[in-house]
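> Heads up: the protein sequence lines correspond to chains Z and R, in order.
Here the first sequence is numbered in the numbering used here, starting from 1122 and rising by one per residue.
Here the second sequence is numbered in the numbering used here, starting from 1122 and rising by one per residue.
These are calculated hints, taken from the structure and not from any lab test.
Quick caveat, the model's predicted, so the values are computed rather than measured.
Be aware that one or more of the hints could be misleading.
To be verified - Dumping the calculated SDA-like pairs for lysine to any residue here, alpha-carbon to alpha-carbon at most 20 Å:
hint	chain 1	residue 1	chain 2	residue 2
1	Z	Lys1476	R	Arg1482
2	Z	Lys1159	R	Lys1476
3	Z	Lys1411	Z	Ala1428
4	R	Lys1130	Z	Leu1528
5	R	Lys1476	Z	Arg1255
6	Z	Lys1159	R	Thr1183
7	Z	Lys1280	R	Lys1161
8	Z	Lys1440	Z	Asp1334
9	Z	Lys1440	Z	Glu1331
10	Z	Lys1159	R	Met1275
11	Z	Lys1159	R	Ala1283
12	Z	Lys1476	R	Gly1481
13	Z	Lys1130	R	Gly1481
14	R	Lys1161	Z	Leu1401
15	R	Lys1159	Z	Ala1398
16	Z	Lys1159	R	Leu1282
17	R	Lys1159	Z	Glu1258
As the list claims (entries may be wrong) - Pulled from the structure, derived: some chain Z residues nowhere near chain R, Cβ distances all over 10 Å:
hint	residue
18	Val1184
19	Glu1276
20	Asn1452
21	Val1503
From the three backbone atoms N, C-alpha and C, an ideal C-beta is built for every residue, glycine too.
Here are the chains, one letter per residue:
There are 2 protein chains.
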Amino acid sequence: MTSREQTMKNIPLLLIGCGGVGRQLLQHIVSCRSIHAKQKLHLRVVGICDSKTLLVPLDVFTVELDDAFLLEVCQAKLKGSSLLTLSNSGQHKVFLNPESMGKIIDIAALLARSTGLTVIDCSASSDTTGVLTRVVELDCCVVMANKKPLSSSMEDYEKLLACPRRIRHESTVGAGLPVIASLNRMLSSGDLVHRIVGSLSGTLGFVMSEVEDGKPFSQVVRSAKNLGYTEPGLVNCSPAAVYLINRFLVFLVEQVQLDPRDDLSGMDVARKALILARLLGRRIVLNNIKVESLYPEEMGPSTMSIASFLENGLPLLDKGIQERVEKASSNGNVLRYVCLIDDLRCEVGIQELPKNTPLGRLRGSDNVLEISSRCYNQQPLVIQGAGAGNDTTAAGVLADVFDVQDLFH
Amino acid sequence: MTSREQTMKNIPLLLIGCGGVGRQLLQHIVSCRSIHAKQKLHLRVVGICDSKTLLVPLDVFTVELDDAFLLEVCQAKLKGSSLLTLSNSGQHKVFLNPESMGKIIDIAALLARSTGLTVIDCSASSDTTGVLTRVVELDCCVVMANKKPLSSSMEDYEKLLACPRRIRHESTVGAGLPVIASLNRMLSSGDLVHRIVGSLSGTLGFVMSEVEDGKPFSQVVRSAKNLGYTEPGLVNCSPAAVYLINRFLVFLVEQVQLDPRDDLSGMDVARKALILARLLGRRIVLNNIKVESLYPEEMGPSTMSIASFLENGLPLLDKGIQERVEKASSNGNVLRYVCLIDDLRCEVGIQELPKNTPLGRLRGSDNVLEISSRCYNQQPLVIQGAGAGNDTTAAGVLADVFDVQDLFH
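Given these sequences and hints, build the entire structure.
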């Protein structure tokens, strides 16, 4: 414990992945300087890594990547450039993949004993698992927005969680919504969680509430993608801007081949369900989760192109969904695509739920989680709000970084 | 930072106030032993204090109050006995009030330098402010369910919060609901909170949703008190048990003089609003908050007995409330008794709110908080669930105790 006259804590950070969320995180770190200074905390960025390149200051003990450079990184990544384009100034050491991963471990080994280090994974890659595991073994902290390492084998999971207080991963479920932090609080106070039901995909939440109004499934899926519903930032724009962005997104779907099946397969929700189930102590893997895909196997990416799926496949699914919606409605219920974890089940798929519950009333792209426990037994604990977007996700990561600093002195 | 082979942390705790919440906390501590052991944590109770007596082990460095004794304390407090009745075994040092408060400071001074100490305030007294302030100055941690010290003068507040990470007080607002923890996460990640609206009284939440159905205010207030709605545990019982408990509570209201005006005055909600507003950086005191009382001054406790208020006063308020309910309803709205904090206001009272929002849909005694911020701008972040009850409140306290242990080594 520090003395009453608190000295400034200098916490070194190393960021893996500086696309959308990572880039936003760098901006948050810079703009939070004064807030953190009041709490006697300085976040010292000593490494940034994208899929190709790791940049570190010439001496990780004494020098940091300064705010001007962090903002330069943000600009470059916003334009879609690689970190490699910023590596020629002579101000940094540059390591290329695959050497970069080993170098991160070296830095962790160097800094752990003196100042500690927090490694942040904002990538979407499963390749980081090995590095993160080593970093934890070296007594450093890890903060993750990346779901992959936490949803791989139980062996890797248990290595990562060997010192649970050193790992934080709020933004792997529901972006910055305080889901993991709240569940951890319940578990550490001995509350017994009986059941978690959650709508954890903005896209599927939007789709299920729209088909409830009688719109055809195929049409709703197309507008969900076009609206960029997984990026709530767009909703802020003027109608004209939304129109232009929509046109651009349609263009993107065609050109860059955004595949709506990524969401419709349910696999992203399944990873979140796995993370929640493991938090509750379940020793399971992704394959143990019953996942309902919203398209049949014969319409999968290996047999049908995106264009063909959108044009020929998707409309064939309308009737089936419509019938299910009507059947649910005749029972006074609605359909929601949820993860459902209780003592017997860990499932992901469409469930018929009462209209008159937070999940049943859900409209649009918000995430909702209902947690039933010994303490919340009559009515569940409900956490609801935007569950996607770089800003919110990066804020969740930064809150985790701030929380783990209590472990450093 | 501890080495990879984590050693068991022995965190000494001292509990002030062992009535309802404090007693439940002792039970939780005992029943969470195995959960905490897995996290390499042992909570070592080195002092328990009620309004009259402080009991400590013969040597606070090496001995703790063991689980058998903690459960004995729970039994005694459940029966309404004082700690004084347990002080004759010769196993403990006994200090009587007012000596006890000074002794707590002595213990904090002794333990702070070697092992650290967390002092927990589950009392409902403003007398603890001085002790808690000293304890913080001595580098110990403080966890509070007690609202009073946090809602007194700005000077005391700033002394208490001098090292913000060492003070946790989740259970001062919405019992164990993750309100304070979530707000702190938002603030530390630089999210800008624009507006908080919350129904933070189980009793007033129940009252406002019942009058919405056309029931007379006076009748609803009586049944709220009789149903013991501020103690959601009762809702678990069989109808027969509820009937008996209701009869008992009616008896209690008459005998022990539970005063419904404690809730109706809004002062309890005002303290919670003050705690939230101060968290957002407002330098205000209780008197700066505009508080709407649901009874006029001439029906206050100084001029009207409880019996007379229930029989003669309360029914006179029915018509006014009914008219307001009808007016709101004709606008398509409902009335809720809320705290409202935004850039201009910090108010507590009845607000007309849209039906189709989490607050507008609220039924029964749950608490609901809607937080609007930069990250949650289209739709608010919503946290909803039981906001009262010893079990939930004590769970919130224990989660705080668990969280602050990261500061100790």
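> Does each hint hold? Answer for all of them.
Going through the hints against the structure:
no. : hint                     : in the structure
1   : Z/Lys1476 with R/Arg1482 : 12 Å, holds
2   : Z/Lys1159 with R/Lys1476 : 40 Å, violated
3   : Z/Lys1411 with Z/Ala1428 : 28 Å, violated
4   : R/Lys1130 with Z/Leu1528 : 13 Å, holds
5   : R/Lys1476 with Z/Arg1255 : 52 Å, violated
6   : Z/Lys1159 with R/Thr1183 : 37 Å, violated
7   : Z/Lys1280 with R/Lys1161 : 16 Å, holds
8   : Z/Lys1440 with Z/Asp1334 : 14 Å, holds
9   : Z/Lys1440 with Z/Glu1331 : 15 Å, holds
10  : Z/Lys1159 with R/Met1275 : 18 Å, holds
11  : Z/Lys1159 with R/Ala1283 : 10 Å, holds
12  : Z/Lys1476 with R/Gly1481 : 16 Å, holds
13  : Z/Lys1130 with R/Gly1481 : 44 Å, violated
14  : R/Lys1161 with Z/Leu1401 : 18 Å, holds
15  : R/Lys1159 with Z/Ala1398 : 18 Å, holds
16  : Z/Lys1159 with R/Leu1282 : 12 Å, holds
17  : R/Lys1159 with Z/Glu1258 : 18 Å, holds
18  : Val1184                  : 22 Å, holds
19  : Glu1276                  : 18 Å, holds
20  : Asn1452                  : 21 Å, holds
21  : Val1503                  : 4 Å, violated
Violated hints, in rising order: 2, 3, 5, 6, 13 and 21; the structure is consistent with all others.
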